[in-house]
Structure formats: structure tokens, C-alpha cells
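**Q** Now for the letters of each chain:
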Amino acid sequence: MNASRNGPALRVTDLVKRYGEFVAVDGISLEVARGDFFAFLGPNGAGKTTTINAIVGLATITAGAIEIFGYDNVRAWREARRRVGLAPQEYNFDRYLSIRDVLIYQAGYYGLRGAAVRKRADDLLERFALTSKANDTFMRLSGGMKRRLSLARALIHEPELLILDEPTAGVDVELRIELWELLRELNVGGTTIILTTHYLEEAESLCKNVAIVEGGRLVAMEPTAKLLARRGSTTLTVTLERPLTHLTEALAARGAAYDAATRALRFSGIGPAEIAPTLALIVAQGYSIQNVDFTRSSLQDVFLDLVGRAH
Amino acid sequence: MAIDMWGFRNPVGLLTLVKRELVRTLKVINQVIWPPIITTILYVLVFGLGLGSQVRAIQGVPYAAFLIPGLIMLQVIDQTYGESSSSLFQGRFMSSIQELLVSPLSAVEIVTGFLLAAIVRAVVIALLILAVGFVMVHTLPQNWPLYFFMTVLVATLFGSIGLIFGLLAEKFDHIAVFTTFVITPLVFVGGVFTSAQFLPPLVRAVSLFNPMFYMIDAFRYAFTGRTDVPLGLSIGIVSALTLASLAVALRMMGTGYKLRV
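Protein chains in written order, with the working numbering: chain A, 1 to 311; chain B, 1 to 261.
Among the clues, some could well be false.
[As the list claims (entries may be wrong)] Computed beta-carbon distance windows for the label pairs:
{"#": "1", "chain 1": "B", "residue 1": "Asp-173", "chain 2": "A", "residue 2": "Arg-231", "range": "49 to 55 Å"}
{"#": "2", "chain 1": "B", "residue 1": "Arg-9", "chain 2": "A", "residue 2": "Gln-89", "range": "29 to 35 Å"}
{"#": "3", "chain 1": "B", "residue 1": "Pro-11", "chain 2": "A", "residue 2": "Met-139", "range": "30 to 36 Å"}
{"#": "4", "chain 1": "A", "residue 1": "Gly-20", "chain 2": "B", "residue 2": "Phe-188", "range": "38 to 44 Å"}
{"#": "5", "chain 1": "A", "residue 1": "Ile-177", "chain 2": "B", "residue 2": "Phe-93", "range": "48 to 54 Å"}
{"#": "6", "chain 1": "B", "residue 1": "Leu-127", "chain 2": "A", "residue 2": "Tyr-199", "range": "53 to 59 Å"}
{"#": "7", "chain 1": "A", "residue 1": "Arg-18", "chain 2": "B", "residue 2": "Phe-93", "range": "33 to 39 Å"}
{"#": "8", "chain 1": "B", "residue 1": "Ala-131", "chain 2": "A", "residue 2": "Gly-20", "range": "25 to 31 Å"}
{"#": "9", "chain 1": "A", "residue 1": "Gly-20", "chain 2": "B", "residue 2": "Leu-233", "range": "43 to 49 Å"}
{"#": "10", "chain 1": "A", "residue 1": "Gly-20", "chain 2": "B", "residue 2": "Asp-173", "range": "23 to 29 Å"}
{"#": "11", "chain 1": "A", "residue 1": "Thr-237", "chain 2": "B", "residue 2": "Met-94", "range": "28 to 34 Å"}
{"#": "12", "chain 1": "A", "residue 1": "Arg-18", "chain 2": "B", "residue 2": "Ala-240", "range": "34 to 40 Å"}
{"#": "13", "chain 1": "B", "residue 1": "Phe-148", "chain 2": "A", "residue 2": "Met-139", "range": "49 to 55 Å"}
In case anyone wonders, no lab produced these hints; they're calculated from the structure. The model shown is predicted, which means the values in this text are computed figures rather than measured ones. Idealized CB from N, CA, C, for every residue including glycine.
Kindly produce the complete structure, drawing on both the sequences and the hints.
**A** Pasting the structure below:
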């Protein structure tokens, strides 16, 4: 792989895409660092796939600019495209080729050929457990196999930036976890990954950074952990052995609310580091603890909150 | 958004596309290669050797031998248009064209890839029909360079038109419209079965506006050494049409018409 120019893996600046009067993407700007595992989230019709299509060259852009590893995807489109691998949402394999040839021909379109490409195709087939189907066409593959083939094809030319549009849509839990492991390995190996998904636990589990779009606009972009900390909420629920006689000042100062029916003390917005001191305070006040429960809002809660606000 | 549509810097990608198109042809060989051969044999048997035995020589050759160049052109035109248009349309329909669109292949490389494959198919079909003609009526071109030149020129023309209709079409039916209402009628009245000199004056005058007439007339010159109109005029008209069609196909591919939405 050629040495890349300076610059992040992806920089999208004021991207606009219009279809007649309809504005599909309305001034999105985002930056994905090299080596990042980046979630690009949004409800259906938010502009995710349009943005991805603009990045990979499947859609023309109305205004704005896209740079991939410092290469403008219009002026230096060959250099930009060589660095990107796309696993699209819909299957778009060549029905006339065996799946081994799907990989080899795709490499050919990227200007690669020879024994090294054939070996890489075989290695990918093995890595994605497709070797036994190497000579079949994609129509004979199961849904999970098609997803794996899509990923293998996106990787055949050793892209530095891998874009996955709903990579685990329609696959069972076991395969999803398997794919997560593969993606983590790739990311640890240095591949920058951008992921769109409707499974928000997937984004929460895998991605270091997250962007959320709604109505063609960016509504959030920051590290996943920071977004959860900033936007999310936490609750510590402590069930007491006996009813609380009165809410002391010390407990009230920690934001406690008492529910007499369940004998539960609830502390909202509490951080993990404050759990032990809070429990110690309760015990110090002469109460025994029957049960402790700590909950934190998920990326899904934050997503719904942000998308709801955008409306 | 204009991109570098003229770049010619990915020869491996281009040749991969040619190979892919030829693999596709082999997978549908019963639609592409054998029908023109069977049809030609039937035409030669029924019209050439059957009815043709009652017809005096045309342009100095027996009618069956006169028929062969026209039949080659008929099949080259038909198959080249059909394959280019259906391959591209199917790629759009199945979205597999996206494999090309995301790769570092320029518009001119993609168009060239489709057209080189169309030319190879045309040359193979023409040679197979020629072999049939040689076996059945013992005719061969006298002017091989012209034979190949016209085959390549006409394949480029109808390959380009096929790409244009492959992009315009919204369903397979639209591709057939051009075959049914344009190609077939114009080829049949364009001199496949008879020389213009035998047509009534009015029909003959009208046929001068039929581009197929010039293709067939120039191609037949490679066999008989005779033409109805000057060879240079025919080559000029067909070349101009080819350049115009190629320009339109390149323009559509370059702007991503119905491809890069």
C-alpha cells in the first residue's frame, strides 16, 4: 500500500446532497481519525447511506468536500478509492462469478492481480469460513455467508478505511458476535472502520467515536464514552432491610429520593466512583442493605433522546 | 461533479472488466453464440440455397454467397447491442455495477472495457458465421483488413448504443424496444437480403437514410469487391455514427447517469 498523505482517515466538510427539492444531506461535517472505530448512526432516511455513497463515489455531491487520507475524492479519486473498502447494506455480488472469483475480480478492478491476489482471496475465504463454497455463486450462500463474503470482498485490496453499512443486518446473534471479533481484530491491526448500524449495542460495544445524524444534519459527534457520560444518566437504587425513618441531610445532599413502598433509596446522576461512599454512608446511618442496583443509560437511550430532540 | 473521466491509468482493471464480460458471455452462450449460428444456417438453407437457387447472381456472386456478409452484419449488430445493453442493465438492476463504480476505474476505462468485450464477441460471432458460410456456400472475404475493420467499427457502434440503452432503460422491456422497432426493421430493409439496385427508386432513395445500408454495403465490399454507394461514403457515415454514439456513451458514463445517484 502506498504511503498516504497527511490528514485523517476521513474528513467530510459541509457535505450537501440534494435530489431536486429534497435535501438528503444538509451540511454534514465530520472527521474520522486514522485507526478509529467510528459509528455513524441515525434513523432510517437520516442521510447515512447517502453520505456513505458520496464518500465511496456511488453518489455525486451537490456541495462540500470529502477527503480520504488527505486525498480529495473528486480531484484525486483514484488515490482516494484505492484506500476504501465498502461492504454495502444490500448484496451486490456478480452473479456470474464464483465467490472466489468475486474476490479476485474485485482486486482486478483495483489494479491488482497475480499469485499474491489469489493467495489473499484464499486466505480471506478461509478466515471467513467460506472455503467450502469457493466455487459456488453467491446465490447458493446463506444470509450469514453473504455478509461474510461482503466483508471479505471489501478487504481484498487491503483498504486502510473500511466502511460497513449495516454489516450485521439480518444475521443471528452468534454470527454477529463472530463478526464483531473479526472487526475488532481488523481495527487492532490498524484498519480504520466506519460502521452504520441499527443495533446500538453494537456501536456501543465496538466504536470509540460516534456521530449521530438526523434529517440530513449532524446532531452529535464525540467519543462514545464521553457522549454516554454527558448525555446519559445513572441511577443507584439501594433497597433497605427496614423502612427509612427520615431522609437525613447527608443523604439528601447526594440527591437521594426515597420510595416507601419498596424501601428503595434512589440516587440519580451518580458516578461509579461514588457508589462505595454512598453505601458506606447508608450503613453508617444504621441501615442494613438488602439489595443494590446500578443502571446506566445505553447508547440507545442517548440516541433516542438526541433524535427525539432533533424532531 | 466532474471527475477525471478520461484517465487511462488502470489497465489491469480494464482487462479484468473485459475478462468478466467474456466470462458472462460464456455463461449465457446459449443466448449469445449459438442462436446467431443456428439462425444463419437456417437463412442460408431456406433463402440462400432454397429460394436463392432461382435468383440470378447479384454483384457477380451467387445469391447464397451475397447473403453471407449481410447475415454476419445482422448478427453482429443484434448480438453486440443485445449483450452490451443487457449486461449493463443487469449490472444496474442487480447493483453489481457498484463493484466497478467504487473502484479506481474511470468512465473511459469502463466504457472501453465493455466495448473491447463487445468487439471480441463480434469478431468471434462473425468468424463462426463465416465458417458456416465457407462450409455451405464456399465464400470468404477477399479483403480481410476491411472485413475486420467493419466488424470492429460496427461492434463499437452498437456496443456504444447498447451502453446508452443499458443506462436509459428502466426495465428489460425497454432494451427490447430498440431491437424490435429500430434494429430489426432497419437491418432487414438495409440490404441483408438484396442489393439496393433491385429496389424501386423511391424505396432505394429512402434506404439512403438507413445507416444499416451503409454498414452492410461496406462490409459486403470486403467479399464481392462491389458496392451500391462509394465505399468511402459508407465508412465515413458509419464512423461518424460510431464517434457520436461513443461520445454519448462516454458522457453518460462520465456523469454517472443513473449510476452515481
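**Q** To test your reading of the hints: which numbers does this structure violate?
**A** Those not satisfied are hints 5, 7, 8, 11 and 13.
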